[in-house]
Amino acid sequence: MKSNLASAACLTGLVMIMGPLLVHPGAAGSLITGTVKASGLSTNAGAVVYLQQAPGTFPPSTETMDQKKMQFIPHVMAVVAGSTVKFLNSDPTPHNVFSPDNEKYNLGTWPQGQSKDYVFSKCTKFPCAYTQLCRVHPEMEGFIVVLQNRYFGVSDREGKFEIKDVPPGSYTVGVWHPKLKGQPKPVVVEAGKSAVVDFTLAR
Amino acid sequence: MADLLGFGGRAALRALALTLIGVCAWDVGTASAIPAFARKYATSCQTCHSIFPKLNAFGVAFRLSGYRMPKETEEMVKEKPVSLGAPAYKKLWPNAVWPGEISSAVPLALNVKFAYVNTSALNGDGSTATSNHDFQFPQELNMFAAGTLGDHISYLAEVTFVENPDTSVTVAIEHANLAFDSPFGPENLLHIRIGKMMPNVVDGFQEMQIMTGAGIDSLFAYNPIGPNGGTGLAGDASPSPIALPVSVRGIEGYGIIKHRAMWVAGVANGISPGTNGRFDGNNAKDVYARFDYKLGGMGLDGDTGGQKEIPAQNWRDDSLRVGAFVYRGDGSHINFPFTLADGSAITIQDTHFLRTGLYASLYVRDLNVIAAYVRGNDTLSQFDEAAVPLAVVDATYHAWFTEADYVFYPWLHGAFRYETVSNGDPGEPSLRTAVFNASALIRANVKAIVEYRRDLRHGENHSLNGVMRFAF
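Residue numbers (our numbering), protein chains in the order written: chain E, 944 to 1146; chain D, 1041 to 1512.
Pulled out of the complex, with its shape left as it was, chain E reads as follows (with noise of 0.2 angstroms):
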């Protein structure tokens, strides 16, 4: 499940349209948001924020990480324990994919319009962050984080995340970020309401 804030802001709509009417058992304003700021950087997107734990089991998904425009796009993804990305190359170039974390991978090298998938089932201890390079442009940089639940959120460039659909409970927050570490913070989600974490990063 890949984090997608359009459609989160959308949920924002129908929840202060619709309100009790929402069928969903955790929509009812169980929305974790916040902010993080980046220490020193030129831009705060690409911070992950998730739920540590989560009880019950999480169904993996399907998402792509594209090369276009030499970059992998998005720049950082989460995908739950299990999921596939499909790694797709839309530049006229040749690209390659590998990581040289966790299991280490090299999927091969592929034309324009081609692309290779890639099943994320080995992480043993959550978060488990995969760098994403290209051999051929060794400029380009991406990163797959893999966690145990869908409930997390990848913050934009002023630093704003927000995690959806959160059961009522108690929970720790974790950060994730390439360049910066952030201390974990607990969290009380109640039902039809909102909760704010911030995180500050730094080195």
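There may be inaccurate statements among the hints.
[Stated by the list, open to error] No farther apart than 30 angstroms at their CA atoms in a straight line, the calculated lysine-lysine pairs in the DSSO-like style are these:
#1 Lys1236/D <-> Lys1122/E
#2 Lys1103/E <-> Lys1348/D
#3 Lys1122/E <-> Lys1348/D
#4 Lys1011/E <-> Lys1118/D
#5 Lys980/E <-> Lys1136/E
#6 Lys1122/E <-> Lys1120/D
#7 Lys1298/D <-> Lys1122/E
These are calculated hints, taken from the structure and not from any lab test.
With the hints as your guide, set chain D onto chain E.
Just chain D now, with coordinates in the frame of chain E:
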């Protein structure tokens, strides 16, 4: 030049040389204002310079930190660099090239100097030669490239173009060096520079940290070589004797300890050029070292933790910095030709030379007083034309200068400098020179200077120059 004429006309020629070198010394460049950094950080020249090229305390820290802002963060760099490899490639080394960066724009900058020159010089026959109202527009152009290559590498290159009166152009590589900045250990504890560079053994009393434009000849242009020791300035002798080097080809390590102390150690070619296309005059290497400590003001690495109050004026830095340095050279097998008063030709080798010195810089509000002292000792071995040893002379000279720079307004500064050399040859009187300077910033990167320089022993030797400098 004096060497070829024997002792008879040397005194007057020495005075002439003092003036001529004084004029030429405008051309002895060191790293100057570098607008490439203004573009990179989107900041004014005055962030680092009180009046360019004179560095303020922040500029000193920027230079010593490897052309980086103290505690630099990514958001400080407004001109985003181009990646030469994602940071994650560090994990793959040695199976991948270590990642680096280059600036997105070519980090070039130009510094242009116009001079309106008026000089008077005492000739060997006692007459006076004057040259007035000479528009040296331009006198020189310096092209700089400087910046960082990722986290731990920085570089500086400077090429100077001087247009000569006969329309020929002299091109010189003033600097070309690469530095490995804090490759390991605490930040700024170790920097390693390699290339042609201003050695940090003379940091603090050359162009970047004094207001006056003329070079400090008593320290840098003195010729310590003569049958009984040095008698005057070196001029354009080749090979070039060393008093203190303006630049060296070598390898240097330096670092900052606990914000306040600086160490320097280096090895350099020494007297040059050599024969057969060599830059070095012999196989021996010169070595140098220095240790400084700064009390008060901003730390040498830009640390402000020790300051009770950080002054709003960028030139203020109430502090005292003191240093001691040593430079040791070996000029064996490098022959300096010399003609004695009786017409006989000899050669002299400066087989061992040692420079020991002290440096101090005091800031009190709008006043900066800088001083340096050098004791030079030379073992001068004389040989006849058949290379038969004649004599060995142990000569010692003493040179010092002091300069007071004062800020009247942020755009208007004044300076006075006094310098002197007690010759190595005890039979020769001391050289004494005074320099007055007024510098005005028309813009942060456009400067007008009026500078008067006078030989205090021979008043016929003087110069009055108007200079316009601009950097972009």
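Against the structure, the hints come out as follows:
1. Of the supplied pair hints, the one linking Lys1236/D and Lys1122/E is violated, its CA atoms being roughly 36 angstroms apart against a limit of 30 angstroms.
2. Straight-line distance between C-alpha atoms of Lys1103/E and Lys1348/D comes to about 38 angstroms, which puts the hinted pair past the 30 angstroms bound.
3. As the CA atoms of Lys1122/E and Lys1348/D are separated by approximately 33 angstroms, the hinted pair breaks the 30 angstroms bound.
4. Taken as a hint, the Lys1011/E and Lys1118/D pair is honoured in the structure, with Cα atoms around 25 angstroms apart against an allowance of 30 angstroms.
5. As the CA atoms of Lys980/E and Lys1136/E are separated by approximately 24 angstroms, the hinted pair is consistent with the 30 angstroms bound.
6. Proximity of Lys1122/E to Lys1120/D is assessed by CA-CA distance (about 17 angstroms); at most 30 angstroms being required, the pair is judged to hold.
7. With a C-alpha separation of about 27 angstroms, the suggested pair Lys1298/D and Lys1122/E falls inside the 30 angstroms cut-off, and the hint holds.
Of the numbered hints listed earlier, those contradicted by the structure are 1, 2 and 3.
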